[in-house]
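Take these sequences, add in the hints, and give me the full structure.
Residue 0 is where the sequence shown starts when you use numbering that gives the first Met the number 0, and the numbers rise one by one after that.
Only true hints are included.
Derived pair list, reagent style EDC-like, types lysine to aspartate or glutamate, alpha-carbon separation capped at 16 angstroms:
#1 13 - 27
#2 13 - 81
#3 186 - 203
#4 186 - 130
#5 143 - 200
#6 51 - 99
#7 143 - 111
#8 51 - 117
#9 186 - 126
#10 186 - 123
#11 158 - 223
#12 186 - 223
No lab work stands behind these hints, which were simulated from the structure alone.
Bear in mind that the values here come from a model prediction, so they are computed numbers and not experimental data.
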Amino acid sequence: MNPDSNADQREIDKFGEVAHRWWDPNSEFRPLHDINPVRLGWIDRNSGLLGKHVIDVGCGGGLLSEGMAAMGAQVTGIDLSEKALSIARLHLYESGHAIDYRLIAAEAMAQESPSGFDLVTCLEMLEHVPDPASTVAACASLVKPGGQVFLSTLNRNAKAYALAVVGAEYVLNLIPRGTHDYTRFLKPAELVRLCRNAGLDVLEIAGLHYNPFSRQAFIDGNTDVNYLVRARRNA
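Structure below.
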């Protein structure tokens, strides 16, 4: 894995430009604020975050990282956006949590700390990198044998395009236009294959749903649009 090759500077800049609004629950990050309790609950139910050493790959402004820290995890958050990490570090003064935020690629972190964490999270990131296989392999390297990796991304089909791109970006204006590149969405079978190639056994695939009008989110078995994958590194 080349730690310098799997990054898209346009994607990094795109999120960096709006990083100062990361913790505003009524900004373009509103959907993340609304789904965060649901995804946190899912991760905690399946791993028991209390006391675990966790790395949040693609942590952005730290929303998931702080949520896991609040549940008792010892969290490291990594990202390639200096602006997002600055906001994440700044917010620690308000929350009081202790999180180690680092400007480093997942691949480089995997070389530095192989098998260094009890569990790895990488949510809403795979659709923003040039080579998701490299990211998944890095996540697999970062987790201890027997540890779990939690992933999320968007399915690649007409329904996902209609809801996640046309609906969310152009009709409802929930997120900035151009946030997603449909060609980078991954079908569940494709992500399962990437996991297996990286030495991960897929334990669960679940759909993550969000109603922008009620601002409610829930998890079920429908993976048509947003979905979650839970996998374990082969012991």
